[in-house]
Amino acid sequence: GEDVEQSLFLSVREGDSSVINCTYTDSSSTYLYWYKQEPGAGLQLLTYIFSNMDMKQDQRLTVLLNKKDKHLSLRIADTQTGDSAIYFCAEQNGNTPLVFGKGTRLSVIA
Amino acid sequence: EADIYQTPRYLVIGTGKKITLECSQTMGHDKMYWYQQDPGMELHLIHYSYGVNSTEKGDLSSESTVSRIRTEHFPLTLESARPSHTSQYLCASSDQGTGRGETQYFGPGTRLTVL
Chain A
1 GEDVEQSLFL
11 SVREGDSSVI
21 NCTYTDSSST
31 YLYWYKQEPG
41 AGLQLLTYIF
51 SNMDMKQDQR
61 LTVLLNKKDK
71 HLSLRIADTQ
81 TGDSAIYFCA
91 EQNGNTPLVF
101 GKGTRLSVIA
Chain B
1 EADIYQTPRY
11 LVIGTGKKIT
21 LECSQTMGHD
31 KMYWYQQDPG
41 MELHLIHYSY
51 GVNSTEKGDL
61 SSESTVSRIR
71 TEHFPLTLES
81 ARPSHTSQYL
91 CASSDQGTGR
101 GETQYFGPGT
111 RLTVL
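Quick note, the sequences are listed as chains A and B, same order.
Heads up: the first sequence at position 61 corresponds to 61 in the numbering used here, and the numbers run straight through without jumps.
Heads up: the second sequence at position 47 corresponds to 47 in the numbering used here, and the numbers run straight through without jumps.
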């Protein structure tokens, strides 16, 4: 089946930028997503990008998509302690269920 | 604010018991999902439904069953709980429109411990 890979941990200092990377295998992915999970809660959609786009920006969040390399990244500018959470990359082909990565735990050091 | 609810939030039961985890949403979404989440974070899709009377098994082999008799309700049942079922169970719903991505709204989860 299709696979989504991401590094498990990332640690950054408050105020720095965070970059979380993700690779996927499905060349027919239609949408790619970033979800955030805070402790004791379910996941929450942060942003998504359509596969024919290269970049999407939403306030402090920038998503970059390299479709040729099947690489997706999420950049968080001016990272705050409240950004500490687990971030999940996911891909979707058409109307099929999302395929999630294993999650990257972001720790922000004050 | 997502209107999706899961009960109970925490459950500790003995081996062999039958349990039902409840999930309800008030958004009228056709799509609903059950995920099992490892302590190490990874999500596994165990069941999903794209509408009333429609259910499918997910990627992770599971001894659980689901039903979808009403749009808003998607309960998960374990006929005979075992310690290997100890996990966090997350329910989600979504309404994917044409030309836009699928926003899945997640419930807060049920943390199940089987002794």
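Calculated directly from the structure, the hints in this document are not laboratory data.
Heads up, the beta-carbon is just placed ideally off N, CA and C, and yes, glycines get one too.
It cannot be assumed that every hint is accurate.
As the list claims (entries may be wrong) - Label-pair restraints from in silico Cβ distances:
| # | chain 1 | residue 1 | chain 2 | residue 2 | range |
| --- | --- | --- | --- | --- | --- |
| 1 | B | Tyr10 | A | Asn66 | 40 to 48 Å |
| 2 | A | Ser28 | B | Glu56 | 39 to 47 Å |
| 3 | A | Gly15 | B | His73 | 40 to 48 Å |
| 4 | B | Pro83 | A | Asp78 | 19 to 27 Å |
| 5 | B | Arg111 | A | Ser107 | 17 to 25 Å |
| 6 | A | Arg105 | B | Arg111 | 30 to 38 Å |
| 7 | B | Asp59 | A | Ala41 | 19 to 27 Å |
What the hints assert, rightly or not - Far from chain A by the CB rule (all over 12 Å, computed), these chain B residues:
| # | residue |
| --- | --- |
| 8 | Gln6 |
| 9 | Arg9 |
| 10 | Val12 |
| 11 | Thr26 |
| 12 | Gly28 |
| 13 | Gly40 |
| 14 | Met41 |
| 15 | Glu42 |
| 16 | Leu43 |
| 17 | Gly58 |
| 18 | Arg70 |
| 19 | His73 |
| 20 | Ser84 |
| 21 | Thr103 |
| 22 | Gly109 |
| 23 | Thr113 |
Earlier hints that do not hold, by number: Of the numbered hints, 2, 4, 6, 8, 9, 13, 14, 15, 16, 17, 21, 22 do not hold.
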